[in-house]
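Asker: Next come the chains, spelled out residue by residue.
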Amino acid sequence: MGADRSLKLLSGLGGLALVAYLVLWAAAGFVPERLPFFTPVRGLFGLLAILAVISALAMVMLRNPVHSALALVANFFFLAIIYLLMQQVLLAFLQVLVYAGAIMVLFLFVIMFFFQPGRPDLGSSPIRQQTLGGVLFALAMLAMAMVVIFQGASRRPQWLSAGEEVRSSPVAYLFSEAAVPRKVQEISLTPGRKPELQATRQEEEQPVNVAKAFGGQVRAIGIRLYTQYLVPFELTSVLILIAIIAAVVMGRDRAKKIMELERTRQGEVSGE
Amino acid sequence: MTAEAVLTVPVVHLREWWVAFAPGIVLLLAVITQLVLELTLPYVRTNRGAWVVPLISSLFVLWAGVEAVKQWGRYPTLPVVPERGSPVLAADNLTLLFVLLLLLILLMVTLMSHVFNVRIRLYEAEYYPLLFLSVFGMVTLAYSRDLVVTFIAIEMLSLPLYVLVGLNVDYLKSGEAALKYFLLGAFASGFLVMGIALLYGTFGTLNYQEMAAGTMTLNGPAFLMAGVALVLMGFAFKIALVPFHVWVPDVYQGSPSVVTGFMATGVKAALFYALISLFAQTMADYRSYWVLPVAAFGALTMVVGNLMAIPQTSLKRLLAYSSVVHAGYLTVGLVVPDRIAWGYIWFYLVAYALAVLGSFLIVSYLEPEGKGDVSLDDIRGLARTNPYAGYAMTIFMVSLAGLPISMGFFGKLFLFVEAVHAGWTWFVVLALVASVFSVYYYLKVIVAMFMDVKLVETEAYRKPSPSRLYDLVYLLTLVGTLIFGVVPGPVVELVREAFIRIPL
Amino acid sequence: MTLDLTSLYQTGRPYINMLVILAAIMGVAPMLVWIERKYLAYYQQRVGPLYVGKFGILQSFADGIKLLTKEELIPKNADRLTYLVAPAISMTAAFIGFAVIPITEAFYITDVNVAVLLWLAMSSLGAYGVILAGWSSGSKYPFLGCLRSCSQMISYELSLGTSILVPVLFAGTLSFKGIALWWKESPLVAQGNWIYLIPLVIGFFVFLVSGFAETNRIPFDLPEAENELVAGYHTEYASMKFAMFFLGEYVAISAIAAIAVTAFLGAFNSPFIGFAFAKQFSLEAVWGIWGRYLGQLFWFLVKWFALFWFFIWIRATLPRFRFDQLQRFGWYGLLPVSLVNLIIAALIVYSQASAGMAK
Chain A
1 MGADRSLKLL
11 SGLGGLALVA
21 YLVLWAAAGF
31 VPERLPFFTP
41 VRGLFGLLAI
51 LAVISALAMV
61 MLRNPVHSAL
71 ALVANFFFLA
81 IIYLLMQQVL
91 LAFLQVLVYA
101 GAIMVLFLFV
111 IMFFFQPGRP
121 DLGSSPIRQQ
131 TLGGVLFALA
141 MLAMAMVVIF
151 QGASRRPQWL
161 SAGEEVRSSP
171 VAYLFSEAAV
181 PRKVQEISLT
191 PGRKPELQAT
201 RQEEEQPVNV
211 AKAFGGQVRA
221 IGIRLYTQYL
231 VPFELTSVLI
241 LIAIIAAVVM
251 GRDRAKKIME
261 LERTRQGEVS
271 GE
Chain B
1001 MTAEAVLTVP
1011 VVHLREWWVA
1021 FAPGIVLLLA
1031 VITQLVLELT
1041 LPYVRTNRGA
1051 WVVPLISSLF
1061 VLWAGVEAVK
1071 QWGRYPTLPV
1081 VPERGSPVLA
1091 ADNLTLLFVL
1101 LLLLILLMVT
1111 LMSHVFNVRI
1121 RLYEAEYYPL
1131 LFLSVFGMVT
1141 LAYSRDLVVT
1151 FIAIEMLSLP
1161 LYVLVGLNVD
1171 YLKSGEAALK
1181 YFLLGAFASG
1191 FLVMGIALLY
1201 GTFGTLNYQE
1211 MAAGTMTLNG
1221 PAFLMAGVAL
1231 VLMGFAFKIA
1241 LVPFHVWVPD
1251 VYQGSPSVVT
1261 GFMATGVKAA
1271 LFYALISLFA
1281 QTMADYRSYW
1291 VLPVAAFGAL
1301 TMVVGNLMAI
1311 PQTSLKRLLA
1321 YSSVVHAGYL
1331 TVGLVVPDRI
1341 AWGYIWFYLV
1351 AYALAVLGSF
1361 LIVSYLEPEG
1371 KGDVSLDDIR
1381 GLARTNPYAG
1391 YAMTIFMVSL
1401 AGLPISMGFF
1411 GKLFLFVEAV
1421 HAGWTWFVVL
1431 ALVASVFSVY
1441 YYLKVIVAMF
1451 MDVKLVETEA
1461 YRKPSPSRLY
1471 DLVYLLTLVG
1481 TLIFGVVPGP
1491 VVELVREAFI
1501 RIPL
Chain C
2001 MTLDLTSLYQ
2011 TGRPYINMLV
2021 ILAAIMGVAP
2031 MLVWIERKYL
2041 AYYQQRVGPL
2051 YVGKFGILQS
2061 FADGIKLLTK
2071 EELIPKNADR
2081 LTYLVAPAIS
2091 MTAAFIGFAV
2101 IPITEAFYIT
2111 DVNVAVLLWL
2121 AMSSLGAYGV
2131 ILAGWSSGSK
2141 YPFLGCLRSC
2151 SQMISYELSL
2161 GTSILVPVLF
2171 AGTLSFKGIA
2181 LWWKESPLVA
2191 QGNWIYLIPL
2201 VIGFFVFLVS
2211 GFAETNRIPF
2221 DLPEAENELV
2231 AGYHTEYASM
2241 KFAMFFLGEY
2251 VAISAIAAIA
2261 VTAFLGAFNS
2271 PFIGFAFAKQ
2281 FSLEAVWGIW
2291 GRYLGQLFWF
2301 LVKWFALFWF
2311 FIWIRATLPR
2321 FRFDQLQRFG
2331 WYGLLPVSLV
2341 NLIIAALIVY
2351 SQASAGMAK
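Chains A, B and C supply the protein sequences, listed in that same order.
All residue numbers for the first sequence refer to this note's numbering, where the first residue is 1 and numbers rise by one.
All residue numbers for the second sequence refer to this note's numbering, where the first residue is 1001 and numbers rise by one.
All residue numbers for the third sequence refer to this note's numbering, where the first residue is 2001 and numbers rise by one.
Simulated from the structure, these hints should not be mistaken for lab results.
Honestly, I wouldn't trust all of these hints.
As the list claims (entries may be wrong) - Covered, in the sense of this in silico footprint (three residues per stretch, anywhere, with C-beta under 8 Å from a C-beta of chain A), are these stretches of chain C:
(1) 2058-2067
(2) 2092-2105
(3) 2111-2119
What the hints assert, rightly or not - Some residues of chain A that are not near chain C, with every Cβ distance over 10 Å (derived):
(4) Leu47
(5) Val105
(6) Leu241
Unchecked claim - Computed far set for chain C versus chain A, every beta-carbon distance over 10 Å:
(7) Tyr2015
(8) Tyr2039
(9) Arg2046
(10) Leu2081
(11) Leu2174
(12) Val2189
(13) Phe2205
(14) Ala2231
(15) Ile2314
(16) Pro2319
(17) Asp2324
(18) Pro2336
Nothing here was measured: the structure is a model prediction, and the numbers come from that model.
Just so it is clear, CB atoms sit at the ideal spot from N, CA and C, and this is done for glycine as well.
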């Protein structure tokens, strides 16, 4: 029952955080100079971040695995929207398409068999001190992430030449002062040189249609994939072949197959 | 897309792949041949024809070996044209030494598989393809000069293993082992990817050459520290360094014995080379970031592994812990900032592979029907009922313990001497104490075979060896362990020659 | 201070279009149901809906009112939250597909550069509605129905995605508007290069069949096979929640038809676009730009309705597959065909590009 209590506590706290955040955001509308954080993009980001954290916690703490899976799907969605805020359109939709649309559907497909509403749970046997270990581990990862983020944010990438802006970093974009789309990045492909970032298509600089301007990502990623990362890309096909063979072996009804094989094997041996 | 864009995309032609990566391509050809053979010839699926596929496959392994030897001293890279970017796959002589070791392991495992597989009713036509694909992953890992390829290669070598581990139908622990290995392996891959992302954040590139050439400017040392820690965790899981070794005994015990032998040797060899090429070679300028963690892992591994190995009564579990401990010894070579020490890691791995594969060869045919494991009780009096197996096992144990007149002795000697020269005295002392302790449990096996009397005898205990191919592997492992235990000179010369001409 | 009407329209246009399209779908869907019932009746020599309104034209609206006013029932075994959310997911996912379809050159909600991916993502999310509905009902028939539906959607999504890559490859863009505009200057139309037709025709066939499976329409309506599973995944649903599934299904069919039109049937362009006389007799010649839009709207609706009618025709004609036949057809039939088709398309693009380079 401890888990239920903590779940209630958590959902209460999450709801409170959400409401408090919304109130703050609304207040920022009246006194923008007092609450400079709340630009539209950042405000939305904060909201999504809170929701993402809540859904991630729900995924861990909910007792019904189907609900957990759904919380995870929700989390994918919030992340996808955060990617959209960072103008990573392709990444956002791939996230939804691959993770939410394909992988989690398969997960649900399996989980559904074991846990049905109205039936008693199969019950779970957590490893001893699992919660404690999990919390400690999560805190360690959090600490690491914090160090990494703050160290990273405080420095300016030195490989950029003097005049260049920090355009390539989506995070930098999110927290930069003006949340307007910047120059479109395209990879120019000159034979004999490594693909490098160049700002082209100056005419699309005006913030008319964010999605359109940044849709060039598909092309940019495609070109990278078929030049710089061609070898890994081709090796991935072998990896997928391996996965297919492995899945075929695992998916086979082995007990039946073995009986069958044994008969043919013995039969052919004695027949000769 | 315009016409120009379509045509300017540079295609890596098959010929370039062949020039740079011939051993790997040969392994893929072998996989295709195996699949076609199993599909088209019903004879190879009978008990009598079970030798056909392994024999033909071992020819492919020899071919791959020849291709690897041909690359000696040539330093092939892919992309071949340097203007097209830094090498993603490349091979120096050390790479080729490791590739040859991997191929040797594959050859022996292939030869000893078929009789054993018939015995444990492992009839899957996909057994050999999975084995070869796993080695393909290992070879790719050895050639890899890019973190993306490294990750893909590690997945390629792991995925077939997850399946191979669970193939012993008569042994309940087999399925359990497969599940454990898969879940923990997936977890470790997560660490690895996260670490790779942070390394990318540090260096702004995924390519080893660019990482080594560029200075760490993009982000602070925290990025690098976190990245190294996570990547190291991912590797430590696969190599079974101590806090991440918990899966080893269960998985090694549960999987079919031949597969266990393969895992204990091949994975370790491939990943140690990956450690060498990523940390020792590429990140040589950032030694302070990774040397101490590696040494700490190693020290912990030696201590804990030995303590855990002492009470074991199952031979497979004992060998599992022994493999953990050996991973600890190998880290001694990793922390030495000298190229020759990496060569000695290779030497050690050869000794280790011969001894371990030999022991698992014996384990695989001593296994009582449907049991999947051999306990120390089972091998009591083996030296009398089956002297071949008994004496061979003794030699392998001696080699694993690192006692003289075995290759294992020289392996340890070279590594430790190098480490002392480099100033790692405390580490070497610890390793020496650990190996003294380890003699106890290796001796336990020998004592059981020579001193005790076997009460119940089965057929396997009297038969010297069930097949000619088995004999061949016997011969290889025994002769290798003994001859290079007396005259290690030629192998050492090979290692030295590998470093005579260094690229760049 | 003068109100800048043009810029206001520019900013507000997506929202206005959104409202218009939403309202149009909500209004048209009941009519589509009525049309379908009438046609089915015609094929089966019945008269169909007759009493409510002239020719029974108001029948669907009456049904809607009935469903709205019925009592809400939630089965005792149901997993409440999931049970309530499922129909909403189903309907929302179906509606979002329309966000990226250009009905005319100027009349669309948004033109994302990854529109095809967006639509594929949304259609794969439609599976959630079905799965959750079946699972959360806490009853056997819905559960079986949702299992069938899940495996069916996963299998056919592959060939659906692969077949639509052919026009994407030809047009060189993932935006539906880009594809629609490509039709006008495509080598097929502009140069009469018929070789482009081969992969497009095969792709269209594969796309349509997968579309049938994706929307659980009749040769593939195993998830709701009446004689086996009562009503499949929505057996336990009544009143408004059932209406949402029902509406979602028709919206999904409309979306599939609209996308098939855009990707394979020349989008909103006139079928006579390649002929010289089309220029003289087009509405554009008479009414200018608005005439052009009007013509595009006309052609889009005509094509779209023809496809919709084709859906009904198939429903009236073909019997239902068996489940193993359905899986076999998907994996052994459609998927290889669509993959080979994609390769053919790639070869055509490559050869035409090299030919262009040679010139």
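Asker: Which of the listed hints are broken here?
Answerer: 1, 2, 5, 10 and 11
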